[in-house]
Amino acid sequence: MAKRTLLGRLGESVLIVFCIVTLNFFLIRFMPGDPVLHIIGEEEYYNLEVHAPQVIEEIRGEYGLNQSLGRQYLTYLGKTARLDFGNSYRTKAPVLETVLFRMKWTLFLAIPATVIAAFLGGALGLWAGWKPGGRFDLAATPCFLLISTVPTNCLAILFLICFAFQLGWFPISGITSGGLTGFAKGLDILHHMALPLAVLVLYKTSSNYMLMKSTVSLIRQEDYVSTAISKGLSQGKVLSRHVLKNALCPYLTSICMQFGGMLAGSMMTEIVFSWKGMGTLIYDAVNAKDFPMLQTCFLLISICVVAFNLIADLLCLAVDPRVREGMNHVG
Amino acid sequence: MLDIEHLSVRFGGASEAVSDISLSVGEKEKVVLVGETGSGKSVLLLAILQMLPASASVSGRALLDGTDLLTLSPREMNRIRGQRISYVPQGSGNGMNPLLSVGYQVGEPLMIHQNLSKKEALARAVAALRRFDFGQEEKLARQYPHTLSGGMRQRAMIAMGVAQGAPLLFADEPTKGLDGHRIELVVDAFRRLEDQAILCVTHDLRFAQEVAQQMAVLYASQQVEWCSKEAFFREPLHPYSQAMLAALPENGLQAETGFAPPREDSQLAGACRYYRRCPWKRSRCRENPPLFPVGDGRKVRCWNYGS
Amino acid sequence: MLGKQPIAFKVGLFILLIILLVGVFAPILAPCDPYQMGTPYLRPSAQHLLGTNDLGQDIFSELLYGTRISLIIGLVSALAVTVAGVCIGMLSGYLGGWWDRALMEVTAVAQAIPSLPVTIVLAAFLSPSLWNIIIAICITAWSGTARIIRSRVLQLKELPFVKIEQTMGASHGYIMARHILPNLFDIVFVRGVLAVGNAMLTEASLSFLGLGVIGQKSWGGILHYAFFRSGIINGYWWWYLPPILCISLSVLGFLLLSYGGQQQLGRRN
Amino acid sequence: MMHLKNMLLSAALAALLVTAGCSAASTGTPSGAGGSSELTLRVGTTASADGFNAMTENGSFGKLNYTGLCAAPFVTTDEKGEVQPYMMTSWEISDDKNTLTATFATDKGVTWHDGEPVTMDDVLFTFRYQIQKKSGYCTGLTAVEKIDDTTAKLTFEDGKAFNALNSMANFVKLSPKHVWEKVDGDYKEYQGEDASIGCGPFRMTGYDPEAQVITYQSVGEYFMGTPAFDKVTVKTYDSHDALVMALRTGEIDAMYDYSNSLSATMAPSVTGVENLNPGMSDNPGNYQLVFGFNQKPTDDLAFRKAVRSALDYELLRTSIGGEDGQIPGTGIVAPPNKGFDPSLPKLSQDQEAAKAILEEGGYLDKDGDGFRELPDGSEMNVLITPQYNKTRQPLYLRIAEILKANLEEVGIRTTLDEESVRNADHATQVRKEGTYQLYIGYTSPGVAMYDTAFMYIIQNDSNPWGTCTLPAFVAAYEAKQQGRSYEEYSAAMKDLQAIADQEVIGLALCWDKAYFPYRTDRFEGFTNIPGWGVINNKTWFSVRPKNA
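Chains as they are written, first to last, in our numbering: chain A, 7 to 337; chain B, -16 to 290; chain C, 10 to 278; chain D, 1057 to 1604.
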């Protein structure tokens, strides 16, 4: 039974990825703007336009941009299947290489942020949800609520101005200063990472906190919690064995979604702190109309989302016997 | 062993959810509290176990073998719960954790209070289940609560309550939401608990008749009568008790007055809570009567029996 | 009715009421015409409470007028997102079968698409009119609502009154409109109100990237020029902080409203 | 199973990690010359750090090559914008302006960065490649012939020799034949290690993609002089804001950003800061408004004159040029340019005069809606089109707002061409087809030095930009293009400015300053070339460490 569901979900995921590949192609191909302008650069383009417009057409042919849309789509599908994502219009470098390099740095920022926030938000939310209206709840909830009302880029900018520019505690931008090796470089990267990490952790913690708090405060009212207390379990055991276990399914689902979205999730923070990850890559690619780059980024992001959705399902399957037996009332 | 004296519970600034309840449960004695849904029966049990939210203020005393449970610290209370008093929640509700196996949950108190290993606790849980003749108890122990029927679940929870061997059992509406046949199974389960004292709240008079030795009647959060089962069914004193009995099918369903408590705002401040419905009401009843002792250990809250 | 609502709901409503009033009465409240140009980069003074921008326009008046466009963007986006989400979720949940599969597949695709990047791509390539910005904000935002609505409809569908109507031969449209939809109200309310806040946050992000509405005064637009006309580097806090605060305050208002609604929801279930 | 204790423990650990990151902050060494004892000039830019192909002009590598850092140009320009020798050491132009006979530094012991000597073959290879790809920098070049090992003859058509010499300055660099002749296909696609090889004073030695830093090492003795520092690092920042912060915190020594000086609105952030020179110079380039001569009503001189009188130049001056901006003259080109005519009047706002001109020209508001109609009575709605440019867009939009407000004050209804704001294609199409009415654009310092803002106004065979075909203007423009010396060029420029004054073919919106700030605490001897800043072809030989 579970095996069949699993296979079904896997097939569904593949279908979703295929849809996204298709959508990717058409979404980006229907955007206005002449990609040739960005392939050869603005100055050169205007120059050629005057002196040798046929060269522009030649380039168009070289990149297959003069073929019919259907043909272009088939070519694109074939290439995607072979993991050939082509070269960047802008830098001419192989797209996959660039994307993987940038992905590494996004993950370097996003994984610690997600993990830290998962534990921090979870623990704090558990505490606040267990004692709603308590002193901790009253102090923490407004703080986290406020954080989630500030646009990410604004908070990031304020952090940048305050801690990096005015106080000078942190470097302005980038991943590392360059010219360093070994341990010194590691420290330097940590130093560069502190501010963007802090911003990401704050946001993720606040949303995790809210989720955990509301889940726990609902579970708290469940009869089985009273039962557990009536058995004489200590508070810690009630929380860990009964409350947390029941809160885990929705919480893990949400954390998995965060993991799934992490490739694009830190975009604004990356842009503000010039962190050379996927977010800045996408932004630059949008500005440069670097279609192959955009398509590859979108594809990877989507695969990541789909994969982690699958993982979330698996985790819930492991935690919740009701899901295991295919019943339709989770949550 | 348990003596409750003038116990009242109030939530925040609202009116009392439980008001002035006095009763006692002797060794191995079965006491049943009857009253309509919403009369505050369950709150009473939770109040004694100190399981109400912080917003509740509890007054009065609840002496367990001489110690007032209401004054114990949470840590001390943890040693009472499950060990001295076990609690059986409503089977129709979510009283069992959906994510843990039945066996684990039945055996859980043993792990805490007797430091048994999981395996030993499980074996004891199976033994406890066996007391109630489920059949295929090992399999049942491995099952999850959502696969059980309401009656099964209720009996499993009774097993959970007795597995540890606590001398006093609190049961909350054990027959709620069950059909006749399943009620019989639950009654049967209760009958097997000869060694335990039981304080059970229910709205089901038939169930009370099967199980109780002593009865307490609650009306609009207030205890109105306290007597033996026999006395109650033979000769109920309070008009509300009489109305309840009259409403039983074998007595002809004579319930034309309707006896659910009226809404709070339509009650007369300070008057007897049954004033609006009472066939005997007179001017004296504009003042709420205390519980009058009327001999044989019976008590009743009505001006007709005292002055 | 209001007396029984949680305090969060009331506070949220109060904040939003004030913002709404400011938006409606902006022409009366504003000390200057926000389009009137004068001396650029004035510091805050009695005449210009928050100084002037790079064109010498009064920033305080800009803020008051900006309330309108920002609210419109938020509300219209939220309306579109919620209507789309409810329609798709309801059809999918109620009709079931192939409809359900197809619509849920579409929803899953929309969820897997990176929403902010797609929004940025659209905003970057479409002309910067108010409506295009709203389209860019809405394009993937409906999927969460659709899923939640669907699972609620699946529950509602099993309820006796719906079953009875079905056996009596009532049309699907009638049942959906008369019985399903009214029972979704609370969930729609909570999701819709959240969507307003999200749309406003997205607009702020777009403005930061230079992809916001142009020509009309909105909070995002004020921020845009504060970012790109050197308000940050020169430390003109009176230029970039007030729009951030306004955005945060209104998002807070909507958040409290939905938070209160959620509490209400939890209480009823 | 996750236990509460573990969870809290992990949370505490996570918090520790964050604080560790923070404490690293206070002990770390944010600035400094990278830890080595070598003397490094640290340059910041906003051009992206990707692609190290000397045949392209992409990214920070390509843009820095305009200064002859790694690749060596044939000729450069000086502060006055006049051509100066470099790899081309001397030249002579024939009387028919079709032949350029030049000597090259192929006997000065210059080597490529891989050790191969620079020879006349490389010179011939470079020019032939320019001919083959129809380079705009060498317009009219048809042939190149070797005379001896240091001399070659370049043949042009249409008398373009002097013109080409000027337009190739800084931009056309000598390319190593031995590297490129083995490359198949498009040179610009080549990604090999040796694609960055040049024969300039610095050799590219490394690129750190994480730090976005390119490193260059001095080659030591060089025929143009020997650099007084060992290394140059070029770090890419994402915005001018970040660049200025880095300058102020001392992360870099100077800014280079070909033709993209800091916006004047940022001037306050670099003035009055310790150890920081704002690097202000007169900008040879300018923002301009161009009229569409193919469209009504902008083809009408009366209308153009009315627009000239309607605009608020004081506001434009401060919006574009800040405190240091100047109200421009009617001749469009800015003071630092060759042939600038200081005698022409400054622009000034006189809305009453504008209204009077419009009345006289027949632009009346007959239907009483507050806006004027065309003389034939049909509705008038003038389209304002800003040039498509991502970084200048906010300013273009602000300028459009000012124009809109000013023109509406004199009764001219206007609309912003929103389509052109985001859609580069549409913007290009509008420009190519010449269907615009009011076109806001920018003349970069590079263009201003020789081609000038008039390039955006003229319509001729080789120009996709302008729409103006007034015979006198076209004649003067041709005379400028074919000038054989700076005298001839300047005379033609004076004529062009006079025509601009009389015919109102376009309007400069502000004569602003360029800001290329640099630090003064580590180096001295900078030359600030207008429109380029202190990082230019002189930098590598004249800048020296302070107190050395």
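Calculated from the structure, these hints are not laboratory results.
Just so it is clear, CB atoms sit at the ideal spot from N, CA and C, and this is done for glycine as well.
A hint or two may mislead.
[Claimed, not checked] Think about it this way: if two alpha-carbon atoms lie no more than 27 Å apart in a straight line, the pair counts; the simulated DSS-like pairs of lysine-lysine are:
#1 A:K98 x D:K1352
#2 A:K251 x B:K122
#3 A:K251 x B:K101
#4 A:K85 x D:K1190
#5 B:K11 x A:K243
#6 D:K1446 x A:K98
#7 D:K1352 x D:K1460
#8 A:K98 x D:K1460
#9 A:K98 x D:K1550
#10 A:K243 x B:K101
#11 D:K1361 x A:K191
[As the list claims (entries may be wrong)] Residues on chain D that point at chain A, a partial pick, calculated with CB under 7 Å:
#12 G1107
#13 E1245
#14 E1249
#15 E1266
#16 D1294
#17 A1298
#18 A1302
[Said to hold, decoys possible] Listed next, with one range per pair, are the computed distances between beta-carbon atoms:
#19 A:L152 x B:D48: 49 to 55 Å
#20 A:F24 x B:Q97: 53 to 59 Å
#21 B:T130 x C:W107: 30 to 36 Å
#22 A:L89 x D:E1435: 36 to 42 Å
#23 D:N1445 x A:L152: 36 to 42 Å
If any of the earlier hints don't hold here, list their numbers in rising order.
-> Violated hints (numbers, rising): 1, 4, 5, 8, 9, 11, 14, 22; every other hint is consistent with the structure.
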